[in-house]
Amino acid sequence: MSLETHELSELKSKIGRNPTSTELQIVAAEWSEHCSYKSSKKHLKMLPMTGPLVINEKGYDSGVLDVGGGYVVTAHIESHNHPSAVEPFGGAATGVGGVIRDILSAGTRPIAIFDGLRFGNIEKDQQARWLFKNAVSGVAAYGNCLGIPTIGGEVEFDECYQNYALVDVAAIGFGKKENLIKNHANKGDLVVLLGGSTGRDGIGGSQFASDSLESEDRSAVQIPDPFIEKLIIEAVLEARNQKLIHAMKDLGGGGLSCAISETADALDIGIEMDVQKVHTRESDMHPDEIMVSESQERMLIVTDKIKLKKLETICKKFHIECSVIGHVTSDNQMHVKKGKKTFANLPTDVVANATLLDLPSKKPEYLKTIENEKKLKDISDYSKTLMNLLASPNIASKIWVYSQYDHEVGIRTVVKPGGDASVLRLDNGKFLSAKIDGNPKQCYINPREGAIGCFEEACRNVVCTGAKPIGMLDHLQFGNPKDPEIFWTFLESLKGLTDFAKDFKIPCVGGKVSLYNETPSGPIKPTPVIGVLGLIDKKPLIPQKISENDCLVIIGDTKDEMGGSEYFEYIHKFIGGKCPTVVFSESKKNMKSVLEVIDNGLLKSAHDCSKGGLAIAISELCMRNMIGCKVSLEKVPGEKLDVARILFSESHSRYLLSFDKKNLKKLEDLLKKNKVSFK
Amino acid sequence: MKVGVVVFPGSNCDRDMYHVLTDVFNLDAQYFWHEKPLPKNIDAVILPGGFSYGDRLRAGVIAAHSPIIKDVRKMAEKGIPILGVCNGFQILVESGLLPGVLMKNESLNFMCEWTNLIVENNKTPFTNQFKLHQKIPIPIANGEGRYYADDDVLKQLKKKNQIVFRYSQVVNGSTDRIAGVCNEDGNVVGMMPHPERAVESEINPVDNKPSSLIFESLLSKMGVSN
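Line order of the protein sequences matches chains Z and D.
Quick note: the first sequence uses my numbering, first residue 793, plus one each step.
Quick note: the second sequence uses my numbering, first residue 8, plus one each step.
Derived by calculation from the structure, the hints in this document are not laboratory data.
Don't take each hint at face value.
As the list claims (entries may be wrong) - Below, computed lysine-lysine pairings styled on DSS-like, alpha-carbon distance capped at 25 angstroms:
| no. | chain 1 | residue 1 | chain 2 | residue 2 |
| --- | --- | --- | --- | --- |
| 1 | Z | K1331 | Z | K1287 |
| 2 | Z | K1130 | Z | K1035 |
| 3 | D | K111 | D | K81 |
| 4 | D | K43 | Z | K1396 |
| 5 | Z | K1337 | D | K216 |
| 6 | D | K43 | Z | K1102 |
| 7 | Z | K1432 | Z | K1464 |
| 8 | Z | K1101 | D | K43 |
| 9 | Z | K1160 | Z | K1190 |
| 10 | Z | K1294 | Z | K833 |
| 11 | D | K167 | Z | K1108 |
| 12 | Z | K1109 | D | K77 |
| 13 | Z | K1108 | D | K111 |
| 14 | Z | K1294 | Z | K1160 |
| 15 | D | K142 | Z | K1109 |
| 16 | Z | K1380 | Z | K1274 |
| 17 | Z | K1331 | D | K216 |
| 18 | D | K43 | Z | K1099 |
| 19 | Z | K1331 | Z | K1396 |
| 20 | Z | K833 | Z | K1458 |
| 21 | D | K142 | Z | K1190 |
| 22 | D | K216 | Z | K1330 |
| 23 | Z | K1097 | Z | K1132 |
| 24 | Z | K1337 | D | K142 |
| 25 | Z | K925 | D | K43 |
| 26 | Z | K1380 | Z | K1458 |
| 27 | Z | K1160 | Z | K1337 |
| 28 | D | K85 | Z | K1109 |
All chains, full assembly: derive it from the sequences and hints.
Laid out in structure tokens, this is it:
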């Protein structure tokens, strides 16, 4: 763990002397890609982050949205890729723990978890199966123990994740607006570390995550303890109710180094702390280890002397340790001592703000030819092809996964996992719909259009429940950013997401960048994962049983866009072709119309057409209702295409609606009025 | 009528249960932290689900040694209705208030799904509003929910009419498909499924009436009309 030569000389010139070894460790953790976002920060600013519902407050680790009636929803997304690749159970579990604490640190109760999991080919690769099975167990063990329902997600398999795993976890919180923590601190306030003890696990975790994965460095993986996290949640919320918290931050990547420097920098204060006061798991830990340990289940709280007593009483009740490790100063310095001896004394703005990079980018060579379509073998048996696609691990039901997650605890889950988006009831009478989506196969062929597609698909999913999208979370996962070709794909994805977010007025309320996702066989495909939150004012559309003679309508055009489709990749083993693109005006029109027909109570169900295309969307509808459907392919709106393409094209902005025949006229009138293409 | 909801470190269905008792059935419910004594004027006690002590060692075993269990035991002896749901059931079994053992599900996985229960005993304070053999659609969510009783215990359970609920089909490998049992007097009932998740139509995809009868049975036992 060290700084690069130019970073070291930069640090020396900024502080005017040689750094101590502790200072080096602190700065190396904080200036790592994982903590500083030095490669991406400059560019992330392009995303729209404000909107009428967005509440911005300094130092928040999660996005906050005003959902009316005095209530807020918070949301955040994180990944734990490197740890999960070497220790899938612990990596996935601590991934859940970390994002939950981000939700908690705003002063809101976590009410839902989503997971996005990606592995290699589980049909051939035993290790991929092992990673998959244990990552699912890790999410289940942690979330279930906390009593926070894991209500949705997605699982995908692709050769590019061979010997690797992407474990993304998003969390949603809910609370009263008046209870939000208003981060502030006064000189003399106390800095308290609460929760699990600091150990040697997770040392250098953020640096480990900022490097290509070469060794199985299990010591960099943190040990999960969901029971302590559950106690922390209850203790912190009790302290919040008693208004004992001035400022709060969770300890994640970079451990104390990061939490102390970032809190001080955000609040424009200094913090003096003593490592001897930190409660540790082992007695002989060096100050350097204490400062960079990423042991889980710890929160940093700023309070004052009078409130401390009450905070200690709460901690005693829950049998969780809390230590006063330091106090607030006004000198904007991060002062780390052990007893009387100083180990580090650094300006907080130097530590918390690494110099941002402006990395070069270059369009990858492979993109020049990838859109060329190879002549594929004609398929003769459509039924067999459809059966094969339904059996593809990317399309097959994920009930094995979500039945291991307690998705009902909290008694908010109105629409349960297994459909398009899940829906939670809120205490203000409204409903919150949420979904995450990713599509590395399409993003590989066209990073920009692929990323937009993920965004639109997540929007489509929440629209299918009757929700209007109100906020987006992005998680951008790429290989080594120093490779200009990889960095180009990152920038293109980001630009695509920005264009869509601006045009659709959906603010980005939180996000994460995870770089250096490489395996011995090379970088992963560009993998942006997008979460969308939608709000429903009245009632959500809960899919009803479809019965004989009900009608089906498909909204939106089916086009010749098979690149990155399951049909090309799973059936024909062909990577390439033109990836689906979103036409913004059409997408908006279709979204609006679907929301209008749901609002008018005309539908029995709405389902999005995505992976596997129309054929899969209809099959899923049939299986869920244990019914058959008769569909006239010549009526499917869009380009004139051969049968396979009509069946399996993954064109965006399409919805499959089912309804009682008696509503046909009303539905047609409404769709015609909105000039939507449908049949 | 006062109902106590016992909270252990790690309980996570306590708030759901409290909500159902107060907001749905208008009962006067109160939380009781496991280290505090239960007051004498409590009319019924519910041990909610969750992961008390993180399910360390074995689900429910540490909580079974909590100070409050002494009070629960006294109340059980006095005939006060006591219901343990999921982890609450595990705690009642571990504390010896109910017979049998709860083991890992046959699948060895945590299971969250809807299933059907059959009422086998409608004489308890929590089942008196059911018809015998009535079907209850209800969700389960547990990792250690497989009820086990050896032949002697099973014989005893049958003889004393202590089997309260059975699954309508094999769900997790429980002995004789048992999903819930009571003590010999019938006032202490434990069940693995979660009735508190199934009494509101908004979140119940099947039918909220049968699960509601568990709470209405308690009201009826206490002579309170809802």
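Comparing the hints with the structure gives:
{"no.": "1", "hint": "K1331(Z) to K1287(Z)", "in the structure": "35 angstroms, violated"}
{"no.": "2", "hint": "K1130(Z) to K1035(Z)", "in the structure": "31 angstroms, violated"}
{"no.": "3", "hint": "K111(D) to K81(D)", "in the structure": "30 angstroms, violated"}
{"no.": "4", "hint": "K43(D) to K1396(Z)", "in the structure": "51 angstroms, violated"}
{"no.": "5", "hint": "K1337(Z) to K216(D)", "in the structure": "20 angstroms, holds"}
{"no.": "6", "hint": "K43(D) to K1102(Z)", "in the structure": "18 angstroms, holds"}
{"no.": "7", "hint": "K1432(Z) to K1464(Z)", "in the structure": "21 angstroms, holds"}
{"no.": "8", "hint": "K1101(Z) to K43(D)", "in the structure": "21 angstroms, holds"}
{"no.": "9", "hint": "K1160(Z) to K1190(Z)", "in the structure": "36 angstroms, violated"}
{"no.": "10", "hint": "K1294(Z) to K833(Z)", "in the structure": "19 angstroms, holds"}
{"no.": "11", "hint": "K167(D) to K1108(Z)", "in the structure": "44 angstroms, violated"}
{"no.": "12", "hint": "K1109(Z) to K77(D)", "in the structure": "19 angstroms, holds"}
{"no.": "13", "hint": "K1108(Z) to K111(D)", "in the structure": "33 angstroms, violated"}
{"no.": "14", "hint": "K1294(Z) to K1160(Z)", "in the structure": "29 angstroms, violated"}
{"no.": "15", "hint": "K142(D) to K1109(Z)", "in the structure": "42 angstroms, violated"}
{"no.": "16", "hint": "K1380(Z) to K1274(Z)", "in the structure": "37 angstroms, violated"}
{"no.": "17", "hint": "K1331(Z) to K216(D)", "in the structure": "21 angstroms, holds"}
{"no.": "18", "hint": "K43(D) to K1099(Z)", "in the structure": "24 angstroms, holds"}
{"no.": "19", "hint": "K1331(Z) to K1396(Z)", "in the structure": "13 angstroms, holds"}
{"no.": "20", "hint": "K833(Z) to K1458(Z)", "in the structure": "49 angstroms, violated"}
{"no.": "21", "hint": "K142(D) to K1190(Z)", "in the structure": "28 angstroms, violated"}
{"no.": "22", "hint": "K216(D) to K1330(Z)", "in the structure": "24 angstroms, holds"}
{"no.": "23", "hint": "K1097(Z) to K1132(Z)", "in the structure": "22 angstroms, holds"}
{"no.": "24", "hint": "K1337(Z) to K142(D)", "in the structure": "21 angstroms, holds"}
{"no.": "25", "hint": "K925(Z) to K43(D)", "in the structure": "41 angstroms, violated"}
{"no.": "26", "hint": "K1380(Z) to K1458(Z)", "in the structure": "21 angstroms, holds"}
{"no.": "27", "hint": "K1160(Z) to K1337(Z)", "in the structure": "47 angstroms, violated"}
{"no.": "28", "hint": "K85(D) to K1109(Z)", "in the structure": "30 angstroms, violated"}
The structure fails hints 1, 2, 3, 4, 9, 11, 13, 14, 15, 16, 20, 21, 25, 27, 28 (numbered hints given earlier, in ascending order).
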